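Participant: Read top to bottom, the protein sequences are chains P and H. Per the working numbering, the first sequence starts with residue 1, numbered consecutively. Per the working numbering, the second sequence starts with residue 267, numbered consecutively.
Take these hints with a grain of salt, some might be off.
Unchecked claim - Covered by chain H, according to a simulated footprint, are these stretches of chain P (three or more residues, beta-carbon under 8 Å):
1. 96–110
2. 122–129
What the hints assert, rightly or not - With a straight-line Cα cutoff of 35 Å, these simulated DSBU-like cross-link-like pairs (lysine-lysine) come out:
3. H:K398 / P:K87
4. P:K94 / H:K286
5. P:K182 / H:K398
6. P:K59 / P:K248
7. P:K87 / H:K481
8. P:K87 / P:K213
Claimed, not checked - Partner residues aside, some chain H positions facing chain P, computed with beta carbon under 8 Å:
9. E337
10. Q385
11. D387
12. V391
13. S392
14. T394
Derived by calculation from the structure, the hints in this document are not laboratory data. The structure presented is a predicted model; accordingly, all values stated were derived computationally and were not measured. Don't be surprised by glycine CBs; every beta carbon is placed ideally from N, CA and C.
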Amino acid sequence: MMQTEGHGLFAKEEMNAKFGRKKLLISIKNLHKSFGDNHVLRGFNLELYDEENLVIVGKSGSGKSVLLKCIVGLAFPDKGTLRVLSKDVLNLPKAEMDLLRAEVGFLFQGSALYDSMTVRENLEFPLRRHKDRMVNESIDQLVLEALENVGLAEAIDLMPEELSGGMKRRVALARTIILRPKIILYDEPSSGLDPITAREISQLILNIQKIYKTASLIISHDIDFARSIANRFVILKEGIDYATGIYKDLVTSNDPNVKAFFNYET
Amino acid sequence: MNGVKLFLQEAGETYRFGIKFFRELFKPPFEFREFLRQCYILGNKSIFLVAITGFIMGVVLTLQTRPTMVEFGAEAYMPSMIGIAIVREIGPMITALICAGKIGSSIGAELGSMKVTEQIDAMEVSGTNPFKYLVVTRILAITLVLPLLVVIADSVSLFGSYLMENLKGQVSFTLFFTKVFEVLEFSDIIPSFVKSFFFGFAIGLIGCYKGYTSKKGTAGVGRAANSAVVIASLLLFIIDFIAVMISDIFYEL
Ligand SMILES: Nc1ncnc2c1ncn2[C@@H]1O[C@H](COP(=O)(O)OP(=O)(O)O)[C@@H](O)[C@H]1O
Ligand SMILES: [Mg+2]
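With the hints as constraints, model all of the structure from the sequences given.
Facilitator: Given below as structure tokens:
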């Protein structure tokens, strides 16, 4: 019931008005995923358009990370359809999946830098793996450029353990953008950081968006940040897309469950 | 009852993990550079420890058995006896146990923390097969490096024994090693060499399995490292038992 309301009331018209002529990058329909008796996703729907920033909100443990992992084939849904850049992710051969993954960046929740590699090697890793034929010179150049874009060029030869939490997140962001993906998935980009650093990272993501012009799917608890970046919101609740819409509509919603996420101002 | 079920389940999972290793091993592309890097790291990590324990074992074994042998008037058999004991049993077993403690636990902890901090996921989305890159290279490296470490342990151990024999019985270097190699046959060396490959494989397999399937949270990583050592050590004794039984059958023939 709520699901249809979510779509019916605000989403479709707003979307058509704003993104009607844009390309559909990600299309998720009726996605189901369980771990044993734990039914995490129970018919989730989502559409992400070109140049759009879509923010997913939901309680901790509601399945937000699982959803992102399904998109890049790190988790396998039980049911539903999932198309990314017009590819059917659930039936994609391994080689094609790797090609697709080069176009979909993933910023992991805890940065996920490789402990045993320097910052430079961390950034080189996706480049060497995805684009074998690239000559060394251009790799060096791309690494430096990505680091400069996150303001950390001087950390190039440090190990991850020598970096602060905020610096790690910046390096992780650099590693994500280095392949210039068409879509970036952010899993709680400001989690585990103090409020000031979290704000810096949020600002950085906004800047990166301006430079690279990718579409983004962002999981975030930081409503201020979410507001500043989001074109649209999706509320993930009880395994479904409980409500979808722009900030203005969601914040004035009468549904108590929607209010719970947006009523901090009132 | 529950314990038995859990054990069988775990054994089955480990077996499947091992099968996957062999399937991925022969499928290109090969992560050759990473394999060489692991050989270097794993060998470098344990060579000093293996050498020093080997040396001490050689010294201690000689000091402990010498008085009895002297009493029986069998002093002349010392080098042969020590040689056989070290090459057949003590060298491979001590090396493997040291490596289970040192390498098994570090592989378990390393892969475990990579798992829980999503580094393995990050690798997978970077166009890399993490099983090939992390697991296959490590298991193969330790399987091939362990026999070399055993050779080193054997040599250092025999040298330690020689020092004691020289000190207590004025046995010369040439005499000692002539006596050692007089009794050592291929039927002593080959089985213990072959056995060492299995030891290495067991340590790598258990360490990788425990780390790669580690549960969320820092406690999961600790458990992965700990159980890697315990299970690998136990497995070493079982493999040794089976190996000795099999080579015994061949001696009878
Ligand atoms: N690999 C897994 N195995 C079993 N359960 C999992 C796994 N990954 C996630 N879960 C479960 O799925 C639910 C959603 O997890 P997650 O997507 O991480 O939540 P969040 O919305 O906080 O990101 C949780 O209950 C979690 O325990
Ligand atoms: Mg999460």
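Participant: Could you run down the list of hints and mark each one as holding or not?
Facilitator: Verification of the hints:
Three residues within the 8 Å Cβ limit are the bar, and the segment 96–110 of chain P against chain H gives 8, so the coverage statement holds. For the segment 122–129 of chain P, the proposed coverage by chain H is satisfied: 3 residues have a C-beta within less than 8 Å of a C-beta in that chain, meeting the threshold of three. Simply put, H:K398 and P:K87 have alpha-carbon atoms about 26 Å apart, close enough for the 35 Å limit, and the pair holds. Between P:K94 and H:K286 the alpha-carbon distance is near 17 Å, which keeps this suggested pair within the 35 Å criterion.
Taking the CA atoms of P:K182 and H:K398, the gap is near 28 Å; set against the 35 Å cutoff, the hint holds. Of the supplied pair hints, the one linking P:K59 and P:K248 holds, its CA atoms being roughly 21 Å apart against a limit of 35 Å. As the CA atoms of P:K87 and H:K481 are separated by approximately 32 Å, the hinted pair is consistent with the 35 Å bound. About 21 Å separates the Cα atoms of P:K87 and P:K213, which keeps this hinted pair within 35 Å; it holds.
For H:E337, the suggested interface contact is broken, since its CB lies about 55 Å from the closest CB of chain P, more than 8 Å. For H:Q385, the interface hint holds, since its Cβ comes within 8 Å of a Cβ in chain P; the closest pair sits about 5 Å apart. A hinted interface residue such as H:D387 counts as satisfied when its beta carbon comes closer than 8 Å to some beta carbon of chain P; here the least separation is about 5 Å, so the hint holds. Because the closest C-beta pair between H:V391 and chain P is about 5 Å apart, less than 8 Å, the hint holds.
Hint on H:S392 holds. Least Cβ distance to chain P is approximately 4 Å, under the 8 Å limit. For H:T394, the shortest C-beta to C-beta distance to chain P is roughly 5 Å, which falls under 8 Å, so the interface hint holds.
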